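Let chain A serve as the given structure and place chain B with the ligands on it in line with the hints.
Sequences listed follow chains A and B, in order. Just so you know, we're using my numbering here: the first sequence kicks off at 1 and counts up by one. Just so you know, we're using my numbering here: the second sequence kicks off at 1001 and counts up by one.
By construction, these hints were calculated from the structure, which means they are not laboratory data. Source: prediction; values computed, not measured. C-beta atoms are modelled at their ideal positions from N, C-alpha and C, and glycine is treated no differently. Heads up, some of the hints might be wrong.
Claimed, not checked - Part of the chain B face toward chain A, derived, beta carbon under 10 Å: (1) L1011; (2) E1076; (3) A1079; (4) F1083; (5) F1086; (6) Y1088; (7) L1101; (8) T1103; (9) Q1108; (10) R1142; (11) P1143; (12) G1147; (13) G1150.
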Amino acid sequence: MALPQVKQDALAARIAGLSLDAKGWAANARATAAERLAAQGLPVRRDEYWRYTDPSSLTKPEVSGAAPDLAPSFAALDAVKVVFTDGVFDAGASDDLAAAGIELLSQADADIHWAQGLYGQLEARGQNPVERPLATLNTAYAREGLLIRVTGKAAKPVSVIYNQKSASSDVILHYLVKLEAGAELTLLESGTPGARFNTVLEVDVASGAKFHHIRTQGPDAERRGVTHIFAHIADNALFKSFTLTAGGRLTRNEAILEITGDDSVAHVAGTVMGDGKDFLQDDTIFITHASERCESRQVYRKVLKNGATGVFQGKILVKQGAQKTDGYQMSQSLLLDEDAQFLAKPELEIYADDVKCSHGSTSGAIDETALFYLQSRGVPKRRAQALLVLAFLAGVLEEIEDEAIAAEVQARLEDWLHGLTD
Amino acid sequence: MLEIKNLHVKLEEEDKVILKGVDLKIGAGEVHAIMGPNGSGKSTLSYVLAGREGYEVTDGSATLDDEELLEMEPEERAAAGLFLAFQYPVEIPGVGNMTFLRTAVNAQRKARGEEELSAGDFLKVVREKAKTLKIDADMLKRPVNVGFSGGEKKRNEILQMAMLEPKMCILDETDSGLDVDAMKLVSEGVNALRSEGRSFLVITHYQRLLDHIKPDVVHIMANGRIIKTGGPELALEVENNGYADLLDGVQ
Ligand SMILES: Nc1ncnc2c1ncn2[C@@H]1O[C@H](COP(=O)(O)OP(=O)(O)OP(=O)(O)O)[C@@H](O)[C@H]1O
Ligand SMILES: [Mg+2]
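Here chain A stands alone, though its shape is the one from the complex (with noise of 0.2 Å):
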């Protein structure tokens, strides 16, 4: 079906500026991202995936915004950091790459490579059955971002960290991640990618591999961001991620996730804390299990006040056969005030017929019996609102495996809830 004309120019007025490697080793898979997107279009307010949020300031041509200055999340970490300014591999910020102890390349240098058999193939898989055309976009035309091969497990944690020194970098980040068997490999990422990003993840999980994802996103003001992960999940293996976000005017954070194999595991978690009616934050989660015995949980918290809006549309889908699944969603929202508002779309798809699935979400605003106990102990009004607050949101950082990293975000946690409960 050709595309409607003012779709075509909306799409060749987004990639105008853009330039598609026609040489490199992802060639391939970047020209035929480059056709998909040009039967795709950009997406639009209109289109159902996007009715909670209008993805015209992640589509349009031009950006603008605010260099933030972010202290990183994770730097007290003993972990391989590799910093991105303003969208490009900072080697001379970076830790020797080479010394990691794992494959890591910028994908700037990558030459030929295992990634040539993957980049783009997640990606293209979760196109299915919606149209991710902001991913299809970063496949044809990132020229940056990060390979990671691991066969064992890796020592540290690899620890991105953005740096955003433009106030009107428009940066395009491609990640791609291979865990063979057994693997195990965290992830971190912190800070700002720029003015604008658009990431996607790529994470191949084989047999028995354990990969943890941990990321923040903010606390600037300015950021407009869409993320995407598109994992595969083999068998016996684990897949968790967790993202903490605050502030930014729009954040679309994407994961699709595929369990393939049998008695697998993943969660995808997070923790929003949104102030202000240019806020919009949304997570958006399709799950499908197709093997049997496996466990999927989605665990979102967020607080929002002053008229910002948060989003979650969150799906579990199983295929037949996929017998005794265990999927669980929950999302759940406090509103600091009545203009403050969360919009949530939870979707079961069941087509097995002995699974154990659950979802819920809730919206509610802080207990005033809880409120007027910590009080009547003595502790000042706005205190027992921030604890309450804190506790609402702490709860999910029970989704981070790792103790110290789980500290350093419960530590910028309760920095940035300062500001929102002041």
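For chain B with the ligands alone, coordinates are given in the frame of chain A:
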């Protein structure tokens, strides 16, 4: 210590009047008990004194050592020395009991211009007090009152009281839900805190508690008023005869 004069209270959202002129004076070091039929306004009185929202004081006053309580925020009342052991202690998921206690103790110390307790000192004190109330370490680690049994919740209230060392303690049916041994334990906890500078207002339905915590004065509340005041023998009279005679005497 505590002086309540002609206190009238209605619900904020409705026209329902609950307290219809309560007068009560508790001197330093005294223990007073309030008994009275269900729905007579005992808990309402304790909530209004502690500063819970939802009530409107239409007349009267309540002072703690000559400071007007009713104009203070709940936390200011607490810092001024008022403590309410809740009839229904509140569960707070996600907030650890220890964090809660330490935040409360230090907030009050700060409000009074005292130095905050160090983590080590606090831990020592809390462990010792918890032990006498047979509250185990596990309960201290759990979120406030979450998953506590009825009796454990009540003991937790007394632990908070022991940690905060208030001068005016209001106990709203702290005996309900306690087994015989726990009742003794809690009473001992309360008696250990009795001192010249500390007063108690004990709300209860049962004489049994007053066997352990011997009151100086007993009040009967009915329909939003104190209808009779007497000595400990008044509680015995209620225990034996119920409220019918007392109520008849008023109407
Ligand atoms: N927030 C409220 N909304 C509606 N009615 C209320 C509210 N608070 C108190 N009341 C009513 O006021 C009256 C007094 O209640 P209160 O809880 O003070 O009684 P009480 O003497 O403590 O009773 P009990 O012995 O059963 O604990 C009751 O009729 C109760 O239903
Ligand atoms: Mg009561």
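Evaluated hints:
no.: 1; hint: L1011; in the structure: violated (15 Å)
no.: 2; hint: E1076; in the structure: holds (9 Å)
no.: 3; hint: A1079; in the structure: holds (5 Å)
no.: 4; hint: F1083; in the structure: holds (8 Å)
no.: 5; hint: F1086; in the structure: holds (7 Å)
no.: 6; hint: Y1088; in the structure: holds (9 Å)
no.: 7; hint: L1101; in the structure: holds (8 Å)
no.: 8; hint: T1103; in the structure: holds (6 Å)
no.: 9; hint: Q1108; in the structure: holds (4 Å)
no.: 10; hint: R1142; in the structure: violated (13 Å)
no.: 11; hint: P1143; in the structure: holds (8 Å)
no.: 12; hint: G1147; in the structure: violated (15 Å)
no.: 13; hint: G1150; in the structure: violated (16 Å)
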